[in-house]
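For the record, the sequence lines run as chains P and Z. So the first sequence is numbered by this note's numbering: it starts at 1 and just counts up by one. So the second sequence is numbered by this note's numbering: it starts at 278 and just counts up by one.
Hint data in this document are derived by calculation from the structure and do not stem from the laboratory. Mixed in with the good hints, there may be bad ones.
To be verified - Selected chain Z positions facing chain P (in silico; Cβ < 7 Å):
hint	residue
1	333
2	723
3	727
Claimed, not checked - Stretch by stretch, here's where chain Z covers chain P in the computed footprint (C-beta under 8 Å, at least three residues):
hint	region
4	75 to 89
5	102 to 108
6	159 to 165
Even glycine gets a Cβ: it sits at the ideal position worked out from N, Cα and C.
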Amino acid sequence: MHERYIYFSQFRHKKVFKYNLLICNKKVQHLPELIINNLSASVEGKQILKGVNLTVRGGEIHALMGPNGAGKSTLGNVLIGHPNYVINGGSIILDGKDLTGKTPEERARAGLFLAFQSPVAVVGVKLSAFMRAAYKQVHPEDKSKLSEFYDRMKIHMKKVGLDESFMSRSVNDGFSGGERKRFEILQMMILRPKIVVLDEIDSGLDVDALKLVAEEIKEYYSQEVGFLIITHYQRILKDIEPEFVHILKDGKIVMDGDNSLSLRIEEEGYDWIKNTA
Amino acid sequence: METEYSKEEEMEKLLEDLKKSNVRKEDWEFHDNLQPVYSTGAGLNRKIVEEISEIKKEPEWMRRFRLKALEIFQSKPVPTWGPDLSGIDWENTKYYTRPDEVTTNNWDEVPDQIKDTFQKLGVPEMEQKYLAGSVAQYDSEGVYHNLRKVWEDKGVLFMDLDLALKTYPDLVKDYFCKAVPPTDNKFAALNGAVWSGGSFLYVPKGVKIDMPLQTYFRMNGEQTGQFEHTIVVADEGSSVHYIEGCTAPRYEKNSLHSAIVEIYVNKNAHARYTSVQNWSKSVYNMPTKRAWVEENGQMEWVGGSLGSKVTMLYPSSYLRGPHASAHNLNVSLAGPGTIKDTGAKALHLAPYTSSRIVAKSISIEDGKAIYRGLLRMNKGAVHSKSHVQCDALLINDESQSFTFPHDEIYEPTATFGHEATVGRIGTDELTYLRSRGLSEDEASSMIVLGFLDDVMKEIPMEFAVEMNRLIKLEMNKLGAVG
């Protein structure tokens, strides 16, 4: 077993207090809860995650930081069930439901959402039709008409700064890096997941776009949604201000703290954190 | 905006239907235990060719034509510039197999077993629903032909070519092997020697047929060859849409299909030829298809190559008169272990001619899809235009796609362009769609239908559905994709 360190800061006591409070209240509130329990995973035979423990509940914003190669994006891909990643141990539980061996679509339908770091282009699949098909799978209870759905979609597109003309384009095909990220956020707004994992959502965005995306994330934030923001840099965390910051190093979470931890990393990098592996 | 929605609603419904449909390959790979009433047995020589001509009681010129074609066939080497054809067993192929004595225009008179086969394939149903007429061929001979009276009254002729040769020998002689002479290639020569069945469709001047006419070809015997010869004549100012569908059971030993299709589009006429080929994976499919297009004539080729082990097919348009145009649209599916060497040829022989070629291919597993095309613009074909577009979709990492365009441009005022794209249904693409809640089936269907989207309105809806089903079937056989 490895040790996890708590990063001391001036706000530490307050945060821990709130954390405990939430744990006490969780049963009555029925907030969504994602439990990543001692998760190990490998890709192409190489062990990347070596026992990750993390719990994300509704109303919480967690940031996962770490140096390159720590396994941050692997965690995102493993959470969504990318078939190239093999889970060797541990479990992923969402609202008491074990998602560990489940397909990506089952995870999505259970309310888990990953905004990909580098969303792929799917040539020929029209963005609007894709969103409609996805929405119908995730929210089968909503029987609203196609036109109503598209009207709603257009409102959100305006908010994330994507022109309506994107509706008839192929998914991510010919999109700039920024447009792809905006589309990821649009999907989050439309599919309304319970647990949102944002993998490097800030990469490829200019300052204005970053602001816009942060605004959208804040708008979507509520007690019914938990966020896990995977990021290499601190800059998005200035706008979003996570309550919890975790440092992933060599496949394990080696340190937990509050947003002041991210500030220190911005200044000093990761070298000062003791490598526990 | 409203119309756009309704189109998508239609697509949504289609996708839902697809989810429900559960067609298995056995649905057309079954074979009948029908004993042919006559077969020339395996192998090919002068005696067998004479025997075929004898059985058919053909005129002397046809007998001589066959023998000449046989000589040409024997003198030509097997082409080696394309896919490997060493799997064709020339010695053990049965070149002529006759299922029954008669051909009829009454379904009730078709032998029960053959009738059942065509019924299982949905042929009579289609005729009732949306065809102006149909011909059904079983192995070497046509077994059924019918044409709605309204078209018969206008002088339209539609029957199998053997019957046409008996009834209208002079008319047939005017067109037979004019566009595709036996000297063209080895397989055309073979067809010239042993041809049997195929359709003859003649549309008189000014007659515009608004419903399609269809021929359905069924190959039942093992190691048999089917060598039908089809002639479509669209006389001046006429308009016609002719459809062909083909299936065969799957056998261990290879069968050979080597057809000739000749289409004559006269002045101001319009012809559309649609073929959907779904041969089993034991069939070598080597047809030669060619159209002669005269002044202001329009030729449209719409092709779907789904089955077969190897297909080599390059529908050609000879644009012989000013303002003649050709439009090729071909969709090929190269399933595991199969090769689709397909494409198109456009020969611009007159001024102001135009051609547009759209070729789409999908390769699954180690399937290989090749686009091979010829574009020739002769000196004097002033201001002629051509555009070639090749799109490939690869399903697995080992899937392959090649493009071999060949251009010969001798006219400086002519313009032409090429475009090529390659897409992939990789694990990443599927996972992306699935991570938003789409099932694997739904995700791959969306990609495939999306890939075909710009050709969907050109191809029959049933065909698009069938194509999608086949792709799903192939992908399901692989287990989980990715």
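Going down the list of hints, with the structure as the test:
1. Contact between residue 333/Z and chain P, as hinted, is not supported at the beta carbon level, the nearest pair being about 49 Å apart and thus beyond 7 Å.
2. With a least beta-carbon distance of about 5 Å to chain P, the hint placing residue 723/Z at the interface is held under the 7 Å criterion.
3. A distance limit of 7 Å between C-beta atoms decides the matter here; for residue 727/Z the minimum to chain P is near 3 Å, and the interface restraint holds.
4. As drawn, the region 75 to 89 of chain P meets chain Z at 5 residues by the rule of a beta-carbon pair under 8 Å; at three or more, the given contact holds.
5. Coverage of the region 102 to 108 of chain P by chain Z holds [criterion: at least 3 residues with CB-CB distance below 8 Å; count 5].
6. Counting residues of the region 159 to 165 of chain P whose C-beta lies closer than 8 Å to any C-beta of chain Z gives 0; at least three are required, and the coverage claim is violated.
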